[in-house]
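Let chain A serve as the given structure and place chain B on it in line with the hints.
So you can see what is in the structure, the chains are spelled out below.
Protein chains: 2
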Amino acid sequence: MSYINENFMQLQESYLFSTIAKKVEKYTKENPNKIVIKLGIGDVTRPIVPECIKAMHKAVDEMGTQEGFRGYGPEQGYDFLRKAILENDYKSKGIDLEIDEIFVSDGAKCDTGNIVDIFSEDNRVAITDPVYPVYIDTNVMSGRSGRFNQEKGIYENIVYLPVSAENDFKPELPKEKVDMIYLCFPNNPTGTVLTKEELSKWVQYAKKNKSIILYDSAYEAFITQENIPHSIYEIEGAKDVTIEFRSFSKTAGFTGIRCAYVVIPKTLKGYTKDGEEVSYNKLWNRRTCTKFNGTSYIVQRTAEAIYTKQGKKEIEENIKYYMENARIIREGLEEIGIKYYGGINAPYVWLKVPNNMSSWEFFDILLEKVNIVGTPGSGFGPHGEGYFRLTAFGTKENTIKAMERIKRSKNLLTK
Amino acid sequence: MSYINENFMQLQESYLFSTIAKKVEKYTKENPNKIVIKLGIGDVTRPIVPECIKAMHKAVDEMGTQEGFRGYGPEQGYDFLRKAILENDYKSKGIDLEIDEIFVSDGAKCDTGNIVDIFSEDNRVAITDPVYPVYIDTNVMSGRSGRFNQEKGIYENIVYLPVSAENDFKPELPKEKVDMIYLCFPNNPTGTVLTKEELSKWVQYAKKNKSIILYDSAYEAFITQENIPHSIYEIEGAKDVTIEFRSFSKTAGFTGIRCAYVVIPKTLKGYTKDGEEVSYNKLWNRRTCTKFNGTSYIVQRTAEAIYTKQGKKEIEENIKYYMENARIIREGLEEIGIKYYGGINAPYVWLKVPNNMSSWEFFDILLEKVNIVGTPGSGFGPHGEGYFRLTAFGTKENTIKAMERIKRSKNLLTK
Chain A
176 MSYINENFMQ LQESYLFSTI AKKVEKYTKE NPNKIVIKLG IGDVTRPIVP
226 ECIKAMHKAV DEMGTQEGFR GYGPEQGYDF LRKAILENDY KSKGIDLEID
276 EIFVSDGAKC DTGNIVDIFS EDNRVAITDP VYPVYIDTNV MSGRSGRFNQ
326 EKGIYENIVY LPVSAENDFK PELPKEKVDM IYLCFPNNPT GTVLTKEELS
376 KWVQYAKKNK SIILYDSAYE AFITQENIPH SIYEIEGAKD VTIEFRSFSK
426 TAGFTGIRCA YVVIPKTLKG YTKDGEEVSY NKLWNRRTCT KFNGTSYIVQ
476 RTAEAIYTKQ GKKEIEENIK YYMENARIIR EGLEEIGIKY YGGINAPYVW
526 LKVPNNMSSW EFFDILLEKV NIVGTPGSGF GPHGEGYFRL TAFGTKENTI
576 KAMERIKRSK NLLTK
Chain B
176 MSYINENFMQ LQESYLFSTI AKKVEKYTKE NPNKIVIKLG IGDVTRPIVP
226 ECIKAMHKAV DEMGTQEGFR GYGPEQGYDF LRKAILENDY KSKGIDLEID
276 EIFVSDGAKC DTGNIVDIFS EDNRVAITDP VYPVYIDTNV MSGRSGRFNQ
326 EKGIYENIVY LPVSAENDFK PELPKEKVDM IYLCFPNNPT GTVLTKEELS
376 KWVQYAKKNK SIILYDSAYE AFITQENIPH SIYEIEGAKD VTIEFRSFSK
426 TAGFTGIRCA YVVIPKTLKG YTKDGEEVSY NKLWNRRTCT KFNGTSYIVQ
476 RTAEAIYTKQ GKKEIEENIK YYMENARIIR EGLEEIGIKY YGGINAPYVW
526 LKVPNNMSSW EFFDILLEKV NIVGTPGSGF GPHGEGYFRL TAFGTKENTI
576 KAMERIKRSK NLLTK
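Heads up: the sequence lines are chains A and B, in that order. Residue numbering for the first sequence follows the numbering used here, starting at 176 and increasing by one per position. Residue numbering for the second sequence follows the numbering used here, starting at 176 and increasing by one per position.
It cannot be assumed that every hint is accurate.
Which copy is meant is left open, so a pair is good if it fits within one copy or across any two.
[Unchecked claim] List of simulated lysine-lysine pairs, BS3-like, C-alpha gap at most 27 Å:
{"#": "1", "residue 1": "Lys448", "residue 2": "Lys383"}
{"#": "2", "residue 1": "Lys233", "residue 2": "Lys488"}
{"#": "3", "residue 1": "Lys383", "residue 2": "Lys327"}
{"#": "4", "residue 1": "Lys197", "residue 2": "Lys441"}
{"#": "5", "residue 1": "Lys376", "residue 2": "Lys204"}
{"#": "6", "residue 1": "Lys457", "residue 2": "Lys201"}
{"#": "7", "residue 1": "Lys576", "residue 2": "Lys544"}
{"#": "8", "residue 1": "Lys457", "residue 2": "Lys197"}
{"#": "9", "residue 1": "Lys201", "residue 2": "Lys444"}
{"#": "10", "residue 1": "Lys233", "residue 2": "Lys487"}
{"#": "11", "residue 1": "Lys233", "residue 2": "Lys484"}
{"#": "12", "residue 1": "Lys345", "residue 2": "Lys585"}
{"#": "13", "residue 1": "Lys258", "residue 2": "Lys197"}
{"#": "14", "residue 1": "Lys350", "residue 2": "Lys582"}
{"#": "15", "residue 1": "Lys233", "residue 2": "Lys352"}
{"#": "16", "residue 1": "Lys571", "residue 2": "Lys213"}
{"#": "17", "residue 1": "Lys544", "residue 2": "Lys345"}
{"#": "18", "residue 1": "Lys198", "residue 2": "Lys457"}
{"#": "19", "residue 1": "Lys382", "residue 2": "Lys213"}
{"#": "20", "residue 1": "Lys204", "residue 2": "Lys350"}
{"#": "21", "residue 1": "Lys488", "residue 2": "Lys441"}
{"#": "22", "residue 1": "Lys382", "residue 2": "Lys444"}
Bear in mind the hints are in silico, worked out from the structure with no lab data behind them.
Looking at chain A on its own, in the form it has when it is part of the complex:
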């Protein structure tokens, strides 16, 4: 009799994006003349840059010839890409890593999800709230969450680290001991960041408690201010306590191309119940060689092209384009007196819903009266209630139009 993994029964259905889709569909059906602008989902809209397209065509041609054809590649990624990552994302910024500390994959969602495989089921997990739901759901599936408390809207064994305007979106160190800590900065969904000093506290905590930090820096390319770390490895000692996740999805618009990487320093250790030290790099390497067969050769050549001089220039222009949208959103909100956070070092603007409306009430008004779609903060966790996310990933034209509409609706939204 084949039994299921009953941890799945603890998963809560996420209706966030499907509810949004249904509401938008209903509205547009009933109001066919209205043009709805979507600033909701965190997906990019700019096409892949020419330098990457060129590299892709070249790799495709190679695959069509006897001499150029490549079959199975290394599970961990081709050296050409791992070297480019090492040199450009780390060494040039004074961070010393080795090539076999970098694992190329087909996406940060896979990496942040699959990483749970190498940890004990008994680890106590701390997660910021609101949060990217993958961190929670993958721990539910693998048995670390405990039961869901319907009343409180939280899992009983997860340690939630609230971030809100009250603590300036800086999570506080947990009072109890935790073994695994998920941090994402620049943050999705709030768009806020930590300074080096603030992040240092977490590294110190992890060192002291032999905990591990799972650090998602998928949005580091959007950082514009000084003293905001792009990599957690800029913090002294972080290599002993942190796995870092990076993605080309937002940096280079690879959401449909699929490429990311994870860094696991060789000095990073986990423990058996008997206290034996084990290298997480070795565990992940074994997991990778057993359950993964490498990222598409063509995709890896495309990612490599990001690091050429021309590639860097083109990518930077895209990032500037999106951050200009963020500026337009921020200034629009400022003009009508809606409080907001983020949008300076991240493509997300996290606004405080005015007039004590709930996130979903604000969503409905914005959709029906202003014809703009955003994402209700409560969809990202209990402490997201009362907030709302707008993304800078639309086109500039739409972003300008959207903010003009919002400004025109000032009385409706803020009175």
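Below, chain B without anything else, positioned relative to chain A:
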């Protein structure tokens, strides 16, 4: 304190391909004038067919334009590919499936590996021996194997189903009750197959015991004989008890492109400990949406091109090319009186090592005296001892040359 998943400590290091690589390296270094022919690893050598290359270029161009750009796709795969799979691989063969029973992925290794996520840790697992090591190792990692018995070379909680010349490579039904059964036909490494009648027994067993069959048909495109099922769903009732894994890796040479799919019928149920029925399709869909972000758009367009009239023709030519190699290998072995199996419905020839040599002894002679690399059967499990795998994935020229060498070495190999 971050604890590791201690199941990983039970994994046995696989030295198979690394030992082969080392031995070959040593030999070629010491004998720089010898040209070694490799018929060892199961990787293809023919370039991607023109129809696929054309489709890939087109998709790449799309991604470089504002109108054609695609971001996140459906986690389960684009409908255009799922439909093509449904129509061509199933409906046209009289198998009725629905589009949401097909999940597109980046490789069958990922699928056969990740599938363990949805099953209870307590399930009893049966695996043929010799076998593709991923089935075993992923169950070790997820806690279903028990301890490794060094003396016997087996995991204590795994039910091994021996296949060898003694049972004509037809695994016998397990005497004890098992919950999960891994079957791969046409088989890797033995290249042997089951008829519909033989496969029916397994479906009946699974029905009777409410077990699940994990059926890997990655090599179905190589079947040349009648009455050999390409899909397990050709067997009545199989949809209630089977997950089927398919891959474009061998069919269309996608080992470096990365695309595969898994079929999970909606009638397939698992059970909670309380006896509640749960749909595996739903569980896998949830797993997919949580830990995966879809296969590259470009890759999916490439896979779609396999199903055009021209694509099918080109793919078929490649398959014929490899099966001609298999014929050359078979006839060569026959000529010098080495017994072999497989090679008729699969790109693998599984030969019985002559003179009671061990698999590794035969490997050494073949490398050092005949300058050919194959794979020792014992590397695939205890019951592979005394066998040896040659693959048809080389070039025709090399395969001819290799068999001429083997024939010339008749006395050395068989006396």
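Here's how the hints hold up against the structure:
Only within a single protomer do lysine 448 and lysine 383 lie at most 27 Å apart by alpha-carbon distance; the minimum there is 18 Å, versus 40 Å between protomers. For the homomeric pair lysine 233 and lysine 488, the shortest alpha-carbon distances inside one copy (20 Å) and between copies (25 Å) are both at most 27 Å. Taking the shortest Cα distances, lysine 383 and lysine 327 never come within 27 Å of each other, neither inside one copy (31 Å) nor across copies (44 Å). In this homomeric assembly, lysine 197 and lysine 441 come within 27 Å of each other (Cα to Cα) only across copies, at 24 Å, whereas the closest approach inside a single copy is 47 Å.
For a Cα distance limit of 27 Å, the shortest separation of lysine 376 from lysine 204 qualifies neither inside one copy, at 51 Å, nor across copies, at 53 Å. Within a single copy, lysine 457 and lysine 201 get their C-alpha atoms only as close as 51 Å, which misses the 27 Å cut-off; across copies the closest is 26 Å, which meets it. Taking the shortest Cα distances, lysine 576 and lysine 544 sit within 27 Å of each other inside one copy (14 Å), while across copies they are farther apart (76 Å). Taking the shortest Cα distances, lysine 457 and lysine 197 sit within 27 Å of each other only across copies (21 Å), while inside one copy they are farther apart (45 Å).
For a Cα distance limit of 27 Å, the shortest separation of lysine 201 from lysine 444 qualifies neither inside one copy, at 52 Å, nor across copies, at 34 Å. Taking identical chains as interchangeable, the C-alpha atoms of lysine 233 and lysine 487 lie at most 27 Å apart whether they share a chain (19 Å) or sit on different chains (25 Å). Taking CA atoms no more than 27 Å apart as the test, lysine 233 paired with lysine 484 passes in both settings, with 18 Å inside one copy and 26 Å between copies. Proximity of lysine 345 and lysine 585 under a CA criterion of 27 Å is satisfied in neither setting, with 30 Å inside one chain copy and 75 Å between copies.
When the C-alpha separation of lysine 258 and lysine 197 is checked against a cutoff of 27 Å, the pair qualifies only between copies, where the shortest distance is 24 Å, while the shortest distance within a copy is 45 Å. In the homo-oligomer, the alpha carbons of lysine 350 and lysine 582 never lie at most 27 Å apart, since the shortest distance is 43 Å inside one protomer and 74 Å across protomers. In this assembly of identical chains, lysine 233 and lysine 352 lie within 27 Å of each other by CA distance neither inside one copy nor across copies; the values are 51 Å within and 53 Å between. In this assembly of identical chains, the alpha carbons of lysine 571 and lysine 213 lie at most 27 Å apart only when taken from the same copy (12 Å versus 56 Å across copies).
For the identical chains of this complex, lysine 544 and lysine 345 are neighbours neither inside a copy (34 Å) nor across copies (68 Å), given an alpha-carbon limit of 27 Å. In this assembly of identical chains, the alpha carbons of lysine 198 and lysine 457 lie at most 27 Å apart only when taken from different copies (24 Å versus 47 Å within one copy). For the identical chains of this complex, lysine 382 and lysine 213 are neighbours neither inside a copy (43 Å) nor across copies (49 Å), given an alpha-carbon limit of 27 Å. Taking the shortest Cα distances, lysine 204 and lysine 350 never come within 27 Å of each other, neither inside one copy (50 Å) nor across copies (60 Å).
Taking the shortest alpha-carbon separations for lysine 488 and lysine 441, neither the intra-copy value of 33 Å nor the inter-copy value of 49 Å comes in at or below 27 Å. Proximity of lysine 382 to lysine 444 under the C-alpha cut-off of 27 Å is restricted to the intra-copy arrangement: shortest distance 11 Å within a copy versus 45 Å between copies.
Hint check: violations occur at hints 3, 5, 9, 12, 14, 15, 17, 19, 20 and 21; the rest are consistent with the structure.
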